[in-house]
Amino acid sequence: MATPDSLAPAAFGTGRAALLTLLAMLAFAANSILCRLALTQTAIDPASFTLVRIASGAASLWLIARATGHGPTGEGKRGRGRRGGGSWIGAAALLAYAAAFSFAYLTMTAGTGALLLFGAVQATMILAGLYRGERLSPMQWGGLGLALGGLGLLLAPGLSPPDPLGALLMVAAGVAWGVYSLLGRSSRDPIATTAGNFLRAAPMAAVVALLSSAFGAVSGGGARWDAGGLVYGLLSGALASGVGYAIWYAALPALTAARAASVQLSVPVITAIAALLALGERITPPLAIASAAVLGGIALVIAGKRRPA
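Everything in the sequence shown is counted per this note's numbering, starting at 206 for the first residue and increasing by one.
Treat each hint with caution, since some may be false.
Simulated restraints, written as ranges between beta carbons of each label pair [unchecked claim]:
1) Ser418 / Asp368: 17 to 27 Å
2) Leu415 / Asp368: 36 to 46 Å
3) Leu353 / Pro490: 36 to 46 Å
4) Gly338 / Ser418: 39 to 49 Å
5) Ala483 / Gly354: 41 to 51 Å
It should be emphasised that the hints constitute simulated quantities derived from the structure, not laboratory data. Yeah, the Cβ is synthetic: ideal placement off N, Cα and C, and Gly gets one too.
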């Protein structure tokens, strides 16, 4: 979901760019649906789902990188360059996002989770811009206030708010993804960078799964696997994450940074509709109002974007 500012609009068929963008947004929304399906309709636990997602995503991205000439370790003529191969910090941020995302979906609906995730990602990016010296116009401040008000409505007592721990974990996932996106903004080869980060995150995810299993065993739980959970994890990692990110990076050269950011406003909406169809989740009035406020507010911030002072 990163939107590198260094990517300029390219001479690229409008129809092709629109199709790639739509497919990428569907893939991003699919991650929430697949995770929720796995945790509610199969026996797999969140840590195991995260491991399967990261490992299969690493394999998928490695194959894509090799097939398209993007060495996942940043290989060049000298064979050992590191510029395109990600970093351990990036991998840690990726793992923090994926693990918090999975554990959060134990207790919240897909639509609510996607809204919290997306709001936290954009808030992190906006706050990082303010820290770097960017200035917001009155319209942008109003949009930021509207978005924060929408999140407050979603979490307000008496309106069937999500589980507090689940909400906290999803916000943490959004912050981690925002940090990951910021780390990747300067990448000259985003596919290779993403592949390298997934490859580094895979053994870290295995450690998290082992620790989760050990602690779970103490309380009578532990690692749980079944065929359905593995299939959902593989689909989330190899297709929705691996192929989805590759498609997104193919679409990005045809989009300005503002358009790339604004088009992601569709992800929580797509997720809520898909959750209604696939999971039977209801779109409640508070969720609909909160979604309109959050997404509308962020749209105002993006529309009034200024360059750093």
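Results for each hint:
Serine 418 and aspartate 368 have their C-beta atoms about 23 Å apart, which keeps the hinted 17 to 27 Å range intact. A C-beta distance of roughly 26 Å is found between leucine 415 and aspartate 368, which places it outside the suggested range of 36 to 46 Å. For the hinted restraint 36 to 46 Å between leucine 353 and proline 490, the CB-CB distance of approximately 20 Å leaves it violated. Evaluation of the 39 to 49 Å hint for glycine 338 and serine 418 yields a pass: the beta carbon distance comes to about 46 Å.
The given range of 41 to 51 Å is broken by alanine 483 and glycine 354, whose C-beta atoms sit roughly 30 Å from each other.
Hint compliance for this structure: hints 2, 3, 5 are broken, all remaining hints hold.
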